[in-house]
Amino acid sequence: MSTTTSTEPIVKGRNLVKRFGSVTGLNHANFDLFPGEVLAVIGDNGAGKSTLIKCFAGAHTPDEGEMWVRGEQVSFRSTHEAREHGVETVFQTLAVAPALDISANLYLGRELRKPGFLGKVFRQLDKKRMKREAGEHLQDLGIMTVQNISQAVETLSGGQRQAVSVARAAAFGSQVIILDEPTAALGVRESAKVLNLIQDLRDRGLSVILISHNMPQVFEVADRVHVQRLGQRAAVITPKTHSMNDAVAIMTGALEVPESEQTLAAENRHNPSK
Amino acid sequence: MSAPATSDYNLDEEFAVKRTLIQRLQITLHRFPWLSSLLVLIFVIIVFGLINERFLLPSTVSLMIQQTVIVGTLAIAQTLIILTAGIDLSIGSIMIFGQMLMANFAVYTTASNVLPIAGQNPWVAILLGILAATAAGAVNGFLIVRFNLPPFIVTLGTWSVFMGLTLILFKARTIQGPEMPEQMKLMGTSFPVGPFNLTLGVVVMFAMYLLFAWVLKNTAWGTHVYAVGDDPVAAQLTGINTKRVLFSVYLVAGVIMGIAAWITIGRVGSASPNVDPMLNLQTITAVVIGGTSLFGGRGAVIGSLLGALIVNAVEMGLSLAGVDQAYRITAIGILVILAVGIDQWIRKVKA
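First to last, the protein sequences are chains A and B. Under the working numbering, think of the first position of the first sequence as 1, with each following residue one higher. Under the working numbering, think of the first position of the second sequence as 1001, with each following residue one higher.
Just chain A, with the same shape it has in the complex (with noise of 0.2 Å):
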């Protein structure tokens, strides 16, 4: 179970369960993220989407069934063990201080300190290093100039602190990148640029989810698409063997499609569509 080769999912879940009081909203779902893929996850809402990724996110924890990273059992009980896994999401809040400049956020929550007596003593931060990395994570997937980085975040465009949340997911080393609806709020030419670096992530060996109501962009990125409905995968399925109707068939539960017919296993790509 340890080695994990590539038709062993990097991230699995199994009869996820998740109550809110009375509303269920995982009803024994499962899960499966295969390594170096685009998943998306469509749903109508209410269907569990955002609650399915918030577990593997670490900011929910499931009443029942159990979670694999890497073939490791893990149960998160905060975004910062995800993260230790290699787990890594871009909220769609985002979840950055706006008036912290963008080296500040980048390294939110796992500040460099200095090294020796004055980081160890006065924990005095290394303002210089992280400045100097976060220009270097921002150049390195060609979002931005080295210059701007101590600019305050609200100071940036939608897409622009789309682009530093992202670059905060993918800068630490980490292995399964999860963005909630990372458009919804953008207009064209952003979102381009941002679907762009989906596919640029995939192409470093990451492994992406991606949680969308776009249903041309899902299919546009994707490889796989599971679809939730109910508190539970519906299926999976790809862009090339079912089309936007039939996505949308399923969500809304007026097609089934048996396991036969499903992508219930890594598919070979890529995407030919990119």
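Incorrect hints may have been included.
[Claimed, not checked] Cut-off 30 Å, straight-line C-alpha distance, at most; resulting in silico cross-link-like pairs (DSSO-like, lysine-lysine):
no., chain 1, residue 1, chain 2, residue 2
1, A, Lys114, B, Lys1243
2, A, Lys120, A, Lys131
3, A, Lys120, B, Lys1243
[As the list claims (entries may be wrong)] One-sided and incomplete, this derived list gives chain B residues near chain A with beta-carbon spacing under 10 Å:
no., residue
4, His1030
5, Phe1152
6, Lys1217
7, Trp1221
8, Thr1223
9, Ala1227
10, Val1228
11, Asn1241
Please keep in mind that the hints were generated in silico from the structure rather than gathered at the bench. The model shown is predicted, which means the values in this text are computed figures rather than measured ones. The beta-carbon is built from N, C-alpha and C at its ideal position, and this holds for glycine as well.
Go by the hints and put chain B onto chain A.
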């Protein structure tokens, strides 16, 4: 609206855009919120200096700085709390509690309810006073963090509670200066610095401002204080233990109140339970005039020192100009509203 065409997410072009003088001012003030209070302080000094030359005499300036010491020190605690988008109404009441505890532990008086443990070594008494204030801050923090109660309500309650406790434990008796050992009044020791006359309390206050300015800017804790005040949900999602940060802020505020208690005994020369019931509001005034936002997440401690100095300078200047106290209070009130108005305007930068 004028988001760049994001060809390469390059902001340089955006900076090249010509801005009006007012816009530039707005952006500069946005980056350095305390700058406006510095300008106001300079303006106030020039105006009152022109009106009455006695305003700029070293003795007047010395007195002004010395008068700032109580509110100024407490304003550090208030700034930390307001940065987390909280507020502390109990600040004066806890300080008085700490002060009376110090004095009553150091002096043997029959009026006190703590007779059995009174008559301590003055250093022990001072330490106990600071610890008591720290514990009081911890009570605030615990109630706010553990039960998710709004800071306004919690500290409104503890404001009353600690005022009551002070009266229950130590009665309403003022402990006069001559009764107390010298160490208790140490912070009032004055010495000349050039033409000015400063006290040890003033030096300690300045040192604490430097310390907290450094800590807020250069430690992860400082960054987290801003992040928690800015957007607590976001802070939590990035893995910051927001509850621990919040609790620690109230705890540290308690320590500052304890030190302020010692400074107050030195400044006033006695320990009285009726120092000034409005201290809590005065610290908020100083913080707000100093450019720290009541919505949390932006501001700097140094602004609060400027804010406290502005309030004192305006009071002093108006009184030297022969203006009645009623008008002075009115002027301070207008100043507060102006400060909040300016803060709102600054926050609108590139919204």
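So, going through the hints one by one against the coordinates:
no. : hint                   : in the structure
1   : Lys114(A) x Lys1243(B) : holds, 25 Å
2   : Lys120(A) x Lys131(A)  : holds, 20 Å
3   : Lys120(A) x Lys1243(B) : holds, 23 Å
4   : His1030                : holds, 8 Å
5   : Phe1152                : violated, 22 Å
6   : Lys1217                : holds, 9 Å
7   : Trp1221                : holds, 7 Å
8   : Thr1223                : holds, 6 Å
9   : Ala1227                : holds, 4 Å
10  : Val1228                : holds, 9 Å
11  : Asn1241                : holds, 8 Å
Checked against the numbered hints above, the structure violates only hint 5.
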